[in-house]
Each structure stands twice: as structure tokens, then as C-alpha cells.
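Protein chains: 2
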Amino acid sequence: MPQVKYTLDEDEIPTQWYNVLPDLPGEPAPPLDPETHEPMGPEKLGALFPRTVIEQEMSQDRWIDIPDPVREVYRQWRPTPMYRARALEEALDTPAKIFYKYEGVSPPGSHKPNTAVPQAYYNKQEGIKRITTETGAGQWGSALAYATGKFGLEGNVYMVRISYDQKPDRRPMMQSWGADVVASPSDRTEAGRAMLEEDPDSPGSLGMAIAEAVEDAAKDPNASYSLGSVLNHVLTHQSVIGLEAKQQFEQAGVEPDVLIGCAGGGSSYGGISLPFVKDVLDGERDMEFRIVEPTACPTFTKGEYRYDFGDSAGQTPLMKMYTLGHKFVPPPIHAGGLRYHGMAPILSALVHEGVMDPIAVSQLDMFEDSVAFAGAEGIIPAPEPGHAVHEAMEEARRCRETGEEKVIAFLLCGHGYFDMGAYNEFLSGELEHVEYSDKAAAESLAQVPDVDF
Amino acid sequence: MPQVKYTLDEDEIPTQWYNVLPDLPGEPAPPLDPETHEPMGPEKLGALFPRTVIEQEMSQDRWIDIPDPVREVYRQWRPTPMYRARALEEALDTPAKIFYKYEGVSPPGSHKPNTAVPQAYYNKQEGIKRITTETGAGQWGSALAYATGKFGLEGNVYMVRISYDQKPDRRPMMQSWGADVVASPSDRTEAGRAMLEEDPDSPGSLGMAIAEAVEDAAKDPNASYSLGSVLNHVLTHQSVIGLEAKQQFEQAGVEPDVLIGCAGGGSSYGGISLPFVKDVLDGERDMEFRIVEPTACPTFTKGEYRYDFGDSAGQTPLMKMYTLGHKFVPPPIHAGGLRYHGMAPILSALVHEGVMDPIAVSQLDMFEDSVAFAGAEGIIPAPEPGHAVHEAMEEARRCRETGEEKVIAFLLCGHGYFDMGAYNEFLSGELEHVEYSDKAAAESLAQVPDVDF
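Each protein sequence line maps, in turn, to chains A and B.
Using the numbering used here, the letters of the first sequence correspond one by one to residues 5 to 457.
Using the numbering used here, the letters of the second sequence correspond one by one to residues 5 to 457.
Careful, some of the hints might be misleading.
One copy or two, it doesn't matter: identical chains are merged, so the pair holds either way.
List of simulated lysine-lysine pairs, BS3-like, C-alpha gap at most 30 Å [claimed, not checked]:
no. : residue 1 : residue 2
1   : K9        : K250
2   : K306      : K9
3   : K133      : K9
4   : K443      : K9
5   : K128      : K101
6   : K128      : K9
7   : K250      : K223
8   : K128      : K48
9   : K331      : K9
10  : K133      : K410
Because the hints were derived from the structure by calculation, they are not lab data.
Since the model is a prediction, treat every value here as computed from it, not as a measurement.
Starting from the given sequences, assemble the full structure and let the hints guide the process.
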């Protein structure tokens, strides 16, 4: 039973992003200054981000125009397809209908360029010449390199050294797109030099790479820093996914009963889900929002909802979010994009208000179902959305038991072409269960400043 | 300057393939029996291929219906996009217009499933349970695994041991799609066991893997063998590329002056080019056909047009084609898919008749322009179509000199996500020039039986 594909015409690519901020329930929790712990105005962020991005970060406008040059770049791979997973339904012998939106068709292979492209565009518009960022295994760095390449900007990617050395596949990709990729810690920044002095063989960390990228941008008036998740403007840019999905559900004549996606910082799930939130809050749509995180880094399911730093060094603004504490170092799992101590403030607020429901999934269960999904549908999921694949299949199996004809929808936010080593480890029986440590999280949470507003 | 994308609706996926055989100039050169050297009838191929495939191999019907279940699977990624490379034109400062058709959007990442899917379908229809094939780095094996998975057939892929060990990324992909992948030489066949007895540490070769896959299929009445290039029916299935391209050129309002593509066995170039051949022969269209091969394996530009075996062991039918001799072992280049001693008889005849023009390109030039292409267009070419990318850029540079506003079109038949190690080698200056050996080719050609018909 082959899949069914729902495509849109190019002129159905949204012309505006949706900004959920004016529609959020509860009181807004402003970002706080890391030193004074007072609410932080836009002016302080000016050293790091372009004006338009800061405006969007705080905007109360429900709709924000997508600039034409951004839509032109989107057109290289958008609209992205939505599929009905008929072969998977058959394999699971379920009465449920399963739909998935697939973002792996972008050149960098994930949803990440949906925000990298407008961020590069706004920087270009405001005369910035160079964008710095950090990357772990390279997913976000690739998207930023793609975007800076498209607008003729310099891109500087600080790549965690252990990934730089051990996962070299995305490095030449970033370089081919014109980016300068440096192993972090590097000798280019004070933060990096200090770290190298302490340990010349340091494997680096995402927190260190952030510190270097931020320092580099802050010291150069011609440079900006760019972040690929967590922040409000990132989720707004990603809303293009959900706005397309809405049209595709209409085309398919269905209303999903449950909408599933994975979350590390929350950008992909924010993208698919936020355009549906107002309808649900207004009682016009009955949809369950289910966010899947790894059991190895269970920010929502085991963390606390409180103010915390975005980086491990404690230099970013404090944000109200679910967190395991900024000092928490998640154990190594293959879904590197889900190894983050915090979570987007927008999704955090929606979980706190009971609008969205989190659930945690282990990487062994994830790979088992990702392989089954690939066998049925022919697309190999990245380990991050593999978590959503597993939960969607679990829900479909529950429907088999209950006989419910639910409509299950999930976001497949990227392909697994760069993760075949992990698949190989799983298929050859060598992949081990990775345990989250309550003790480590408690110790980390104890170091979070006791701040509220 | 962003690219322009030309898309088709799903109902514009062709409903028939185009078979060039009735339109070929010159006398047909039938395949010859490897032992008797007499023309070979369809009956002898029955042990290896399903009936419908053999009929298509010899058909004089210009149009062959694409079965609905095959079109249904095609719909997962077809129609594939065509782009106008505006950013590349700008980067090259050329008055030429550059268009490319992109087949990398298929789940296996290349044009190969265009034939793997119908081959699996016809086998399924005729009651075959299992398909065997060989693969080098895994491009073709992936496509076949994808296709057998779609139709619930067993797939057995004999993978050259050195690739099995050193390029493991495509192995779990094939396994995830349900295929059984075994390193060749293996102990499953007489041919493999004989080879292992001679050398237990043999790295294997494509010729050996073909011998094992053929033996395995020939001995089991429930199994068939499948080939991913060279043969007529393969090129016919691939015509879906050119038939779509024809519609997209119309949409763009252009007629290409030159149509460029790479060739190893000839399936991708056959796919894009054959639907235009009749128009050109009839004088209704003025288009130059340019086939690009690697200087390391210059079958067209240095080989001879004569009968030769398809495999290194000399067990397949003799085919009239350009060849460097079936014993020729091409030096190792990264474009593994272009390392083949022979060439599709259809393309060979067209080159021999002067309808198509071959040209050879070195891998260093290829990577240099592939990186530049990626920087401008955002898509990273596999090294095989990188050869076409280079020649298209050369042509555009010539237009810059002459001022000609030519329309240059080429086929980008796959992405380079699985070739980033090769890109890394090039970008770090470690990639070496690889030399073709006249002497080796002469020695190999001396071993080709002196047969004609």
C-alpha cells in the first residue's frame, strides 16, 4: 500500500509567519539580565542580534510578513511534502490514520534553514558582514552556512572539537557553502584560549562553543550572532511548517487528533504546532499536542519550570523555561540535537499551562521503530525525529487495541543520512541503553540562581 | 540571485516510458551468446530476468505503459524539480542560461530507483520472491533495497568487501529497507567460495559480486537477478527523467542548446537524453548531446566500439559497445559509479553514429567546480554528476568569452551526502590526480574475443 503525498503549489508557501506571543495563555515572563536579574530591554541585545530579529523576539503582532527574498530561497525546497503513511498503517495493522510532514528535503536536510535563511537576510539588510554561531554535530551549522552562502555573508561556525574530529561529514558541507569552520575551543577568542590553557586537548562542549561565538560577534560591530532554536523569533520563523501543514490537512480532509514532534530546544515542534494553538485554546479545534524528548535528557518530564541561563557558562539572559539546570551535561545519545538542558520559553509556558503534554522515549525504542518506519515508508529518520516516529507508532498500536480510528500526525524534521553510523550500531546490536541521572540533574538544578519575576 | 524552480503536478508524471530502440539510427547489434557467439534469444535470459523485463529489453514499441503501482511509488519523490541556476550564472558572470534537473530527492538519493522500482514490481507480478544484485559503494544496492522493500520481496545485495568494510554508511540503509547485505566474495556461492579459497582476505571486485549475484539467482527458480545500468530496459525506465524535463523546458520557455550528463554505464544520461533523440534526428530540434566520463575510466574517448562481455569474468552475453576491455580495472576515483569498462549499447550506438559527443574530465577539476556549484546553488553534487557540473560550468565560461547566450542543461543525478569524506579530502588538499593507463587498457582490450556480427 503506497504512501499518499499531499503537495502544495509554490504560491501556497505562506506569505506571513505566525507569532504565538499575543495568543499565549498566562502572564508573559520576560527575559532577565544575567547580572541584575531585572527584565531586559531590546537595547542590550543589540550587540548580538540585528534590530529586526530583536523586534520579532518581543513582537506582539500575530502575523509577520515573510520578506520576498526569503520566500525566494524557501522555494528551493518548500512547500515540503506531507505524506499519509499507508504502508506503515498496514504494517502496524492499525485503524488509525498516520500523517507526517517531512522537512528533510531541504539542502541541509532538516527544518533548520527555515530560520537560518531569514536570520541571514535580516543581517544582510542591516549591513552586517559576518555571522557567528556554534554547532555540535553540524546540523545547525550546516543550515547557517547554507543561509550565509545564499546572501553572500561570511559565516563562522565554532564546531565542538570532538565532533569536528570524530564526525567530519558535515564539515566539508559547511565549507562547500563557504563557511569558515573552526574547532572549539579555538585560539580565536579569550574564552577559547583560556580553555585551551587549562586543557590543550579539550574535547570542547556546546556551552564553550556558544561562549566563543558570542564573544566573537560581540567584539565586532560588523558581526552578529545567530541561534538556531529556543528563542521566540526562531519558533516564529519555523511556523512556516505548521502553516503549510494546515493547508495539507485540509487537502487531505482530516483534522489530527494528536500532533506529535520531538523537542531539544523546541524549534521544530514549535514550528509544526504553534499555528494550531489558538484554534485549540478557542475551542475551535480538538487536538492533543504531544512533545517527545529523550529519556536521557528529560527536560520537560523531570526538569523544573523556572528562570535559568541558556548556556552552561551563565552568560546569556535568564529565561523562564523547563530546565535540568544549565550545568547539566546530558549523557551521550545519538540524537545530539535533543541534548539541551533547557527548552523554548514558549513551549515551556504551554506545557506549564497544560496545553501541551510531554513524554520521554528511550533511544533503543526510538531506533527500533525508526528502522521499522524506514522499512515501511522508505525514508530514514534522523534520530531526533525518530523519537516522534516511535511515539506515533505507539499511539497507532494503542489504536489497534482500542479500535479507535484516530488521526495521528507527526513532524519528521530531518533525514538520517548523516546518522547511518548510529543505525549501524543499532542494527549490529551494539547500541547501549543510556541512563539519565537524577543525581546529576539535582546537583545541576542546585546551581541555578533562585530568581523569579 | 536565487534559483528558479520548475515543478510539475503529480498528474504530469509520465504514464508511459519512451523506448528509443525503434528510433535508433544504424543497424541493431544483437547481444551474442557468450559461448556460441550467436545472437541470443529471449529464452536464454529467462533464468535471470522476469519475462516482462526481457520483452522490454528487446521491444520495438516506442511507448511502454508505466504500471499504476510503479507510478504510485514514483509519486513519493516524483516529479523531480528542475532549477535554473541563477546564482551560478551570476557567479560565473556568463550570458548563458543554466538549467539542471535534480534526481537527488529520491529516498536512495539518486535516479537509480526509477528502474529498481519497476524491476521489483515485474518480479513481484511474475511470482518471484527474491531479487539478487551486486553493489559497489552501495548506490545501486540502496535503490534495489528500497524497491524490494516497497513490494515485499526479499533483496540480496552482494556488496564488494572493501566497500562493505570501508564505506559502511549505505549498509544500514539497505538493511533498514529490509535487504540482506553480504560482503563479496562470500561463502554463499561457488564463485565466492573459490575466490575465498584462493585469497581469504580478498577485497572483492564488482565483477566478482556480479558473478555471485548471477549464480545465486540462476540456481533458484524463485529468484531473479537485477541490473541497474547498461541494459536497454534500464534506460527505458530512466526515460521518465527526460520526459519530465521536456515538460519543464516548455514551462521555462527554453530549448537547450546543449544537454550534459555523466556516464558510467549510461543509465542516467540515457534517461535525460533519449526522449530528445528522435526530435534531433528528425531535424525538429537542434541540441548537442554531451556525455561526460572520467579521465580515469575513458570508455568512450579511449575505448573501442566492439563486442565485449559485461562482466570481468566473461560470463554475460557479449554486447556491442564502447569498451576498455572487460579485464580493465579502473584506478580508484571517488566517482565509483563511473568506474565501468563498458557503456550502454544504446548510448554506444549513438556515439558511434555521431549523434552524441563524449568528453573526459579529471576528478580534481570535477571537485573544484562541484564545490563552487554547491556554494552558489546550495546542493552538493555526488562525484558522478559532479563531472556534468564541471562541463556545464566550462561551457558557461566559454559563453562568457564568446558572448553566446546559450541554454545549457545538465542532469544532477544524485546528491553527495554520502561522499563528504571525498569532499573533505579535496578541501584539505589531499586529493590526488589519478591517471588512466593506456597500457592497462591495451592489455585488457587484447583479451576481448574477436567477435562481430
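Okay, the hints, checked on the actual structure:
{"no.": "1", "hint": "K9 to K250", "result": "both (15 Å within a copy, 23 Å between copies)"}
{"no.": "2", "hint": "K306 to K9", "result": "neither (38 Å within a copy, 46 Å between copies)"}
{"no.": "3", "hint": "K133 to K9", "result": "between (40 Å within a copy, 28 Å between copies)"}
{"no.": "4", "hint": "K443 to K9", "result": "neither (46 Å within a copy, 53 Å between copies)"}
{"no.": "5", "hint": "K128 to K101", "result": "between (44 Å within a copy, 27 Å between copies)"}
{"no.": "6", "hint": "K128 to K9", "result": "between (36 Å within a copy, 24 Å between copies)"}
{"no.": "7", "hint": "K250 to K223", "result": "neither (43 Å within a copy, 53 Å between copies)"}
{"no.": "8", "hint": "K128 to K48", "result": "within (21 Å within a copy, 66 Å between copies)"}
{"no.": "9", "hint": "K331 to K9", "result": "neither (44 Å within a copy, 46 Å between copies)"}
{"no.": "10", "hint": "K133 to K410", "result": "neither (50 Å within a copy, 35 Å between copies)"}
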